[in-house]
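Student: With UniProt numbering, letter number 333 in the sequence shown gets 333, and the count goes up by one each step, no holes.
Keep in mind that the hints were calculated from the coordinates and are not lab data.
Owing to the predicted nature of the structure, the values given are computational and were not obtained by experimental measurement.
A hint or two may mislead.
Quick list of simulated restraints, FRET-style, between CB atoms [claimed, not checked]: (1) D282 <-> E167: 38 to 48 Å; (2) Y99 <-> I153: 17 to 27 Å; (3) A312 <-> R251: 50 to 60 Å; (4) P293 <-> R52: 16 to 26 Å; (5) K102 <-> E305: 50 to 60 Å; (6) S133 <-> K45: 13 to 23 Å; (7) E174 <-> S126: 49 to 59 Å; (8) P162 <-> S283: 22 to 32 Å; (9) E174 <-> R52: 47 to 57 Å; (10) K45 <-> Y99: 19 to 29 Å.
Here are the simulated lysine-lysine pairs, DSS-like style, with alpha carbons at most 30 Å apart [claimed, not checked]: (11) K81 <-> K138; (12) K102 <-> K113; (13) K81 <-> K64; (14) K220 <-> K261; (15) K85 <-> K64.
In this text, a Cβ means the ideal position worked out from N, Cα and C, and glycines have one as well.
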Amino acid sequence: MKIGGGGGVCEAWCLVVFLYNKDEDVINFKTLQFDVGLWTFDDPKVFQRVLRAYATKLFMKLPKGGMGIVAAATGMDGHIKTSDKDERLICYIVNTAEYCHKTAGELSENVLKIIDSQYTDSVDMSEVQDEFSAVITKALVKLVHGVETKFDIEMGAMTRVPWGTLESVGDQSEYVNSINMILSGSVPTLGSLLSPIYFQFFLDKLASSLGPRFYLNVLKCKQISETGAQQMLLDTQAVKTILLDIPSLGRQTSGAAGYAKFISREMSKAESLLKVILSPIDSVADTYGALIPEGTPSEFQRILELKGLKKADQQTILDDFNKRGSGFLESPVAAQANQVPQMVVAPVPPPLTSTPSAAVIASREDVLTRAAALGRGAATTGFKRFLALTEAAKDRKDGPFRKLFNA
Numbered sequence: 001m002k003i004g005g006g007g008g009v010c011e012a013w014c015l016v017v018f019l020y021n022k023d024e025d026v027i028n029f030k031t032l033q034f035d036v037g038l039w040t041f042d043d044p045k046v047f048q049r050v051l052r053a054y055a056t057k058l059f060m061k062l063p064k065g066g067m068g069i070v071a072a073a074t075g076m077d078g079h080i081k082t083s084d085k086d087e088r089l090i091c092y093i094v095n096t097a098e099y100c101h102k103t104a105g106e107l108s109e110n111v112l113k114i115i116d117s118q119y120t121d122s123v124d125m126s127e128v129q130d131e132f133s134a135v136i137t138k139a140l141v142k143l144v145h146g147v148e149t150k151f152d153i154e155m156g157a158m159t160r161v162p163w164g165t166l167e168s169v170g171d172q173s174e175y176v177n178s179i180n181m182i183l184s185g186s187v188p189t190l191g192s193l194l195s196p197i198y199f200q201f202f203l204d205k206l207a208s209s210l211g212p213r214f215y216l217n218v219l220k221c222k223q224i225s226e227t228g229a230q231q232m233l234l235d236t237q238a239v240k241t242i243l244l245d246i247p248s249l250g251r252q253t254s255g256a257a258g259y260a261k262f263i264s265r266e267m268s269k270a271e272s273l274l275k276v277i278l279s280p281i282d283s284v285a286d287t288y289g290a291l292i293p294e295g296t297p298s299e300f301q302r303i304l305e306l307k308g309l310k311k312a313d314q315q316t317i318l319d320d321f322n323k324r325g326s327g328f329l330e331s332p333v334a335a336q337a338n339q340v341p342q343m344v345v346a347p348v349p350p351p352l353t354s355t356p357s358a359a360v361i362a363s364r365e366d367v368l369t370r371a372a373a374l375g376r377g378a379a380t381t382g383f384k385r386f387l388a389l390t391e392a393a394k395d396r397k398d399g400p401f402r403k404l405f406n407a
């Protein structure tokens, strides 16, 4: 088959044609051999049009989530139910789009070597490559949303645990075991199908979503007693350990150090929240300010509700808290406490404008010391396990966190 008209020097090269097999739900690759003759002005446009159409076809094959104004308003636009088969299909689409992106660039380079110089400016596949990059990003975000949606039942089960009436701390709760089963069922397949760079993208997006979501879920619970907070601390450590093991579960550990650092940072926020709930009434405000400096008055009030304080008692503590002039800003965590969480980025605490006095430093260190001691003394097998998990987490080697994409 001849592409282009007229004679001239010919060079053999390969055009990759991608065919989607509907029966097997597998995207296959077929290589066809062509002889390229004299390149015409319209030929690049033909290839660009065909490749753009194929990128659109790939996008249309992605599982659909909530759509429309109602879905966006309720946060359900990111709610996507995916089966194991859907997850494999998404991975195939990612790999296909990656291959198309690479091949489009190589096609452009090869054509530039054989066409007349007057057509050089017309051979530009950068926009086509951008479309395949967009398919990759959208597919991976869909993959993250699909895994997140699988946790809906477990997150709901967590809020229904009678945390206010637990009598003792035991082993990790059943919802934690279910989270582990979900990840154990999905991650090995994803790790085997995705290239390291895209598996790392998946990890980063999942981590940036699950940490804040777990924090918000604590705030959605009903009353939490001291024993309940101890059990939830154990569960939080167990969830953190499960999340830290995802890279090895997927058999891809190239970016594990940065991922581990990010997971530890995000889950430590939930731990800090629970330590505030565990703190005595007379020091709860100091503990909150020390452990959650980016907190808000509304979130602090929610913590008092979780501790089971009556409205009258809450108001007294809130009045005292507000008199301190904390100047906290409303944070995304507090604002979304009763909403379906998305991929939330925790706010950065405002920089200090002056050096605190030695007395303030000593006071804060005292609060932190007491906060670190919160939860100790529960002489149960479950809590001993919690302490062991804490020590195990400390032994992990963390490296610098690196964002691969800003999607």
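Student: Starting from K81, check that the Cα of K138 is at most 30 Å away, please.
Tutor: holds, 15 Å
Student: Could you see if the CB distance from K102 to E305 stays within 50 to 60 Å?
Tutor: 54 Å Cβ-Cβ, so the 50 to 60 Å window holds.
Student: Mind checking the hinted window 49 to 59 Å against the Cβ distance between E174 and S126?
Tutor: Since E174 and S126 have Cβ atoms about 51 Å apart, the given range 49 to 59 Å holds.
Student: Taking 17 to 27 Å as the hint, is the beta-carbon distance of Y99 and I153 inside that range?
Tutor: About 36 Å separates the Cβ atoms of Y99 and I153, which means 17 to 27 Å is violated.
Student: 16 to 26 Å was suggested as the range; check whether the CB atoms of P293 and R52 agree with it.
Tutor: Violated - the Cβ-Cβ distance for P293 and R52, about 49 Å, lies outside 16 to 26 Å.
Student: Do the Cβ positions of P162 and S283 conform to the proposed distance bound of 22 to 32 Å?
Tutor: Check passed, 26 Å falls within 22 to 32 Å.
Student: Sort out whether K64 lies within 30 Å of K85, counting only the CA atoms.
Tutor: holds, 14 Å
Student: If you check the beta carbons of K45 and Y99, does the distance land in 19 to 29 Å?
Tutor: holds, 22 Å
Student: Within 30 Å, alpha carbon to alpha carbon, are K102 and K113?
Tutor: Cα-Cα ~17 Å, so holds.
Student: If you check the beta carbons of S133 and K45, does the distance land in 13 to 23 Å?
Tutor: holds, 20 Å
Student: Given a hinted range of 50 to 60 Å, is it respected by the beta-carbon distance of A312 and R251?
Tutor: holds, 57 Å
Student: Just to be sure I understand the hint, the distance between the Cβ atoms of D282 and E167 should be within 38 to 48 Å; is that true here?
Tutor: Check failed, 26 Å falls outside 38 to 48 Å.
Checked against the numbered hints above, the structure violates hints 1, 2 and 4; every other hint is satisfied.
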